[in-house]
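2 protein chains.
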Amino acid sequence: MHTIPGKETLTRVRQLITPHIHQTPVMTSATVNRMLGAEVFFKCENLQKAGAFKFRGATHAVLTLGPEEALRGVATHSSGNHAQALALAARQRGIRAHIVMPESAPRIKVEAVKDYGGEITFCLPLLSEREATLKKVMDRTGAVEIHPYNDYRIIAGQATAAAEVYDVVSPDIIMAPVGGGGLLSGTILSTRHFSPHTVVYGAEPLNADDAWQSFQSKQWVPSDNPQTIADGLRTSLGSLTFPIILQGVEDILTTTEEGIVEAMYLIWERMKIVVEPSAAVPLAAMMEHREIFAGKKVALILSGGNADLHRLPWMENRSFSNR
Amino acid sequence: MHTIPGKETLTRVRQLITPHIHQTPVMTSATVNRMLGAEVFFKCENLQKAGAFKFRGATHAVLTLGPEEALRGVATHSSGNHAQALALAARQRGIRAHIVMPESAPRIKVEAVKDYGGEITFCLPLLSEREATLKKVMDRTGAVEIHPYNDYRIIAGQATAAAEVYDVVSPDIIMAPVGGGGLLSGTILSTRHFSPHTVVYGAEPLNADDAWQSFQSKQWVPSDNPQTIADGLRTSLGSLTFPIILQGVEDILTTTEEGIVEAMYLIWERMKIVVEPSAAVPLAAMMEHREIFAGKKVALILSGGNADLHRLPWMENRSFSNR
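Protein chains in written order, with our numbering: chain Z, 629 to 951; chain S, 629 to 951.
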């Protein structure tokens with residue numbers, strides 16, 4: 629897939645992957661609506677297989693491999709949700725997944741990749757080492773690299789989350805978190821073709837605001853070792869995702885670390901679902917930019933649920949819990 | 629409602645309350661199925677309004693008040709989910725709810741009742757004080773007492789959870805936790821009329837096994853200040869619930885405290901939803917009595933999600949987390 633996927637492609641991709649993924653629910657909360665003075669619809673990708681929207685793109689990439697490629701298997705370097713998603717997607721097709729992970733990756737993530745049958749190669753926790761190790765693994769196995777976001781197959785897969793939203797609600801605004809930009813650019817494409825009146829916002833941590841800087845300056849700004857609790861949003865935009873975002877997003881909204889924890893807590897307490905910090909960023913952005921959303925129908929994509937239940941952020945800082 | 633509700637009554641109750649409650653999802657987990665060698669369907673009453681199945685019975689009781697009763701409002705003593713459920717059900721009808729709570733009730737529960745508009749009267753934390761204070765409140769206000777479980781209106785309301793399960797799956801076994809017995813007896817009635825081939829089990833903590841003792845001895849055995857993390861299951865069976873359970877349940881299965889925490893953790897980690905300890909008791913019972921369930925289709929009712937997110941049990945005892 630070498631060009632930006634259009635309406636027919638998006639429709640075909642959705643038909644292809646739908647039998648293999650969860651059609652996740654869209655939830656609402658009367659309390660949240662009252663608090664924010666808006667009508668909020670949460671697309672629960674935390675309830676997706678492997679715990680995040682990443683499974684959509686990974687499934688699409690794996691399903692569209694040719695038979696000869698499939699024999700060779702897939703490979704990536706990731707310490708996050710893409711690793712788990714690719715391992716599970718590969719297992720569902722019955723092929724091998726080689727995952728390069730830094731030695732410093734949390735044990736819980738390593739175990740999850742193993743659970744899904746991924747074959748792990750550890751490396752030093754440096755980007756150069758990850759890339760070099762991945763190259764070695766690919767040379768040895770012939771596996772096909774599946775990049776976590778800078779790949780139109782992945783973008784088209786992530787686009788299906790927003791498409792499912794438009795099956796059940798016609799929002800004024802949709803907002804997704806932005807890290808590498810796979811989910812946000814997919815959301816933009818689905819919106820353009822299936823709900824063109826809906827305005828798309830991106831949300832990211834103030835502490836990792838490379839997408840905001842890139843959007844403001846119209847030039848790609850890399851992220852520079854950002855420190856944020858939203859560990860899924862530390863990456864830079866990709867060469868394929870940035871142009872789609874630049875053209876299709878209304879704005880990128882940033883949020884404080886305190887706001888992220890508060891939103892994560894609110895979702896747990898009021899909606900009884902587990903989300904990871906990155907997934908709480910759009911709600912946090914909404915809470916910090918209320919004037920944009922007042923009286924509107926707003927869809928937020930809860931991108932994932934792979935939180936470390938042994939280290940919940942409000943355990944470390946009680947000051948966020950004001951109830 | 630003075631007799632055990634039959635098929636027509638249950639159908640009518642469901643029609644009456646359906647517009648006012650959430651039709652909660654039924655979730656599955658491939659990991660849990662693989663772990664247990666069974667096909668498990670989780671009825672997510674943790675996602676019910678006010679965070680527990682209790683809202684079903686409370687809504688039914690409130691909706692069937694006559695206009696003169698409604699003017700007087702409703703009253704109960706409770707420090708748990710019934711208090712929140714009744715307060716919210718009353719607010720939805722626009723009537724008053726008087727809730728007697730022990731001074732020792734967790735602040736988080738008190739705040740929740742206030743949030744839902746309940747009018748709280750505090751008392752000393754003794755059953756005799758709770759009953760005496762409730763009587764005083766009723767004398768003063770004329771409010772109608774709504775008992776948390778020993779009331780056919782409540783039982784018929786709770787029965788709708790299992791009825792919704794049978795809309796989407798036809799299980800070999802259904803299991804609900806048992807405290808006062810409202811949910812379990814309602815589940816038995818719905819099963820009898822809407823899925824008679826399904827076998828009903830109850831689940832309770834070994835540390836609060838009064839229902840098991842009652843079932844074994846065929847005589848009502850009260851619970852005697854039991855110490856269990858499953859705080860919703862400390863009450864004794866009622867005079868209306870016990871006969872239904874005695875006749876309709878296949879067995880009561882008990883579970884250890886460790887098993888409850890392990891099941892609660894598993895549900896959070898793998899299904900990304902928040903459940904309270906009482907809600908994890910059926911899964912814990914399944915894990916400790918696997919032979920009964922092997923190869924079967926099993927529906928479990930996740931009764932509620934009102935966990936204290938500041939005091940998660942695996943924070944206090946890491947030995948349960950073996951990953």
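Honestly, the hints are just simulated from the structure, not real lab data.
Among these hints, one or two may not hold up.
Claimed, not checked - Under the rule of at most 35 Å between Cα atoms (straight-line distance), these lysine-lysine pairs were calculated in the DSBU-like manner: (1) Z:K846 with Z:K742; (2) S:K846 with S:K924; (3) S:K742 with S:K846; (4) S:K925 with Z:K924; (5) S:K925 with Z:K737; (6) S:K737 with Z:K742; (7) Z:K742 with Z:K925; (8) Z:K742 with S:K846; (9) S:K737 with Z:K925.
| Which numbered hints turn out to be false for this structure? | Going through the list in order, the structure violates hints 1, 3, 4, 6, 7 and 8 and respects the others.
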